[in-house]
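Please take these sequences and the hints and turn them into a complete structure.
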Amino acid sequence: MGTPALSTIQDIKGLESKAERSLMHRFNLAKDLLIAVISSGKPREGQEGDLVALLTWLRFSSSRLLVWNKNYNIKPREISAAQDGLTLLLASLLEQQPDWRDVLVLTLAAVGRGGQGDVGQRIRDEILYVQSRNNAKGGMMEEWHQKLHNNTSPDDVVICQALLAYLEHDLDISFYWQTLQVANISKERLAGFDRPIKSEPSFKPDQRQGLLQDLSSYLQTLKASCPCFLLQEGVWPRSKHARSMTELGQVQSMCKQGVWGCTQD
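Position 143 (the sequence shown) corresponds to 143 in our numbering; numbering is contiguous.
Hints in this document: simulated from the structure, not taken from any laboratory.
Everything numeric in this text was worked out from a predicted model, so none of it was measured.
Please note: incorrect hints may appear among the correct ones.
Cut-off 30 Å, straight-line C-alpha distance, at most; resulting in silico cross-link-like pairs (DSBU-like, lysine-lysine) [what the hints assert, rightly or not]:
(1) Lys31 / Lys42
(2) Lys75 / Lys31
(3) Lys75 / Lys18
(4) Lys198 / Lys187
(5) Lys13 / Lys70
(6) Lys13 / Lys42
(7) Lys137 / Lys204
(8) Lys75 / Lys13
(9) Lys187 / Lys18
(10) Lys70 / Lys137
(11) Lys137 / Lys42
(12) Lys198 / Lys70
(13) Lys31 / Lys13
(14) Lys70 / Lys31
(15) Lys204 / Lys187
(16) Lys137 / Lys75
(17) Lys187 / Lys70
(18) Lys18 / Lys70
(19) Lys204 / Lys18
(20) Lys18 / Lys31
(21) Lys198 / Lys75
Pair by pair, the computed Cβ-Cβ distance ranges are [as the list claims (entries may be wrong)]:
(22) Gln220 / Asp99: 34 to 44 Å
(23) Leu171 / Lys70: 32 to 42 Å
(24) Asn135 / Gly14: 41 to 51 Å
(25) Gly139 / Val67: 22 to 32 Å
(26) Arg189 / His169: 14 to 24 Å
(27) Gly139 / Lys13: 18 to 28 Å
(28) Leu89 / Arg44: 15 to 25 Å
(29) Ala191 / Leu89: 30 to 40 Å
(30) Lys42 / Ala191: 37 to 47 Å
(31) Asp99 / Glu168: 45 to 55 Å
(32) Gln213 / Arg44: 46 to 56 Å
(33) Ala36 / Ala191: 37 to 47 Å
(34) Lys137 / Arg189: 21 to 31 Å
Positions of the beta carbon are idealized from the N, C-alpha and C atoms, including for glycine.
Written as structure tokens, this is what we have:
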């Protein structure tokens, strides 16, 4: 793998103020940058350096070292559509340039899957169903609903897992916080979202069984855009050139590190 190209790093630096508005903006800007790289006419070594710079940027983002949302309301389907457009372009380039396999596979891993808009819309619709069916429309569930509608992210996989842990252990709130802590999601991080989550979940015993069932199903919808889930299902990644044990091991290692906020079960 080559060395990041300084000129592309400077370009990325200039794009960051736009990219931090939402993940949709970041993915679309990354796609535009990728198109510029492959059409630049540079020698292969120079293009690979540009790709390494792009990988570094997206890896910083997936590791939560960059801002995911800043004063911008975004629909989940818009994020997943932008994500899908970027991953399709990366997979297509991987088919054409298998010599760049290492950097492209890791870039795909840093981006995640995307969902052609459908998965994103289901995220938006199904949380309303969960709330309505289980009479869970206030407090933490309403705060989470507002976050999901305006800025879905991999953190939501962990939040759902934390709710399930709380429910599975007879409404013991310590299991909610323990699950979040494992993924490095603190009370301060929850409160710092553009749509903050400041309340703890507080369910009644008669809500427990229904929420367990419905949130377990909802978790699968949330996971549909998570690379770790794709590994579990045996469909990661999209390209036949990216299926070596070494590459899958690299992606699996990133999952175990909690790079996307979701982890393998």
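Evaluated hints:
no.: 1; hint: Lys31 / Lys42; result: holds, 18 Å
no.: 2; hint: Lys75 / Lys31; result: holds, 19 Å
no.: 3; hint: Lys75 / Lys18; result: holds, 17 Å
no.: 4; hint: Lys198 / Lys187; result: holds, 8 Å
no.: 5; hint: Lys13 / Lys70; result: holds, 17 Å
no.: 6; hint: Lys13 / Lys42; result: holds, 21 Å
no.: 7; hint: Lys137 / Lys204; result: holds, 13 Å
no.: 8; hint: Lys75 / Lys13; result: holds, 26 Å
no.: 9; hint: Lys187 / Lys18; result: holds, 27 Å
no.: 10; hint: Lys70 / Lys137; result: holds, 26 Å
no.: 11; hint: Lys137 / Lys42; result: violated, 55 Å
no.: 12; hint: Lys198 / Lys70; result: holds, 18 Å
no.: 13; hint: Lys31 / Lys13; result: holds, 16 Å
no.: 14; hint: Lys70 / Lys31; result: holds, 20 Å
no.: 15; hint: Lys204 / Lys187; result: holds, 22 Å
no.: 16; hint: Lys137 / Lys75; result: holds, 20 Å
no.: 17; hint: Lys187 / Lys70; result: holds, 19 Å
no.: 18; hint: Lys18 / Lys70; result: holds, 10 Å
no.: 19; hint: Lys204 / Lys18; result: violated, 43 Å
no.: 20; hint: Lys18 / Lys31; result: holds, 14 Å
no.: 21; hint: Lys198 / Lys75; result: holds, 22 Å
no.: 22; hint: Gln220 / Asp99: 34 to 44 Å; result: holds, 36 Å
no.: 23; hint: Leu171 / Lys70: 32 to 42 Å; result: holds, 35 Å
no.: 24; hint: Asn135 / Gly14: 41 to 51 Å; result: holds, 49 Å
no.: 25; hint: Gly139 / Val67: 22 to 32 Å; result: holds, 27 Å
no.: 26; hint: Arg189 / His169: 14 to 24 Å; result: holds, 22 Å
no.: 27; hint: Gly139 / Lys13: 18 to 28 Å; result: violated, 41 Å
no.: 28; hint: Leu89 / Arg44: 15 to 25 Å; result: holds, 18 Å
no.: 29; hint: Ala191 / Leu89: 30 to 40 Å; result: holds, 36 Å
no.: 30; hint: Lys42 / Ala191: 37 to 47 Å; result: holds, 45 Å
no.: 31; hint: Asp99 / Glu168: 45 to 55 Å; result: holds, 47 Å
no.: 32; hint: Gln213 / Arg44: 46 to 56 Å; result: holds, 53 Å
no.: 33; hint: Ala36 / Ala191: 37 to 47 Å; result: holds, 38 Å
no.: 34; hint: Lys137 / Arg189: 21 to 31 Å; result: holds, 24 Å
Checked against the numbered hints above, the structure breaks hints 11, 19, 27 and satisfies the rest.
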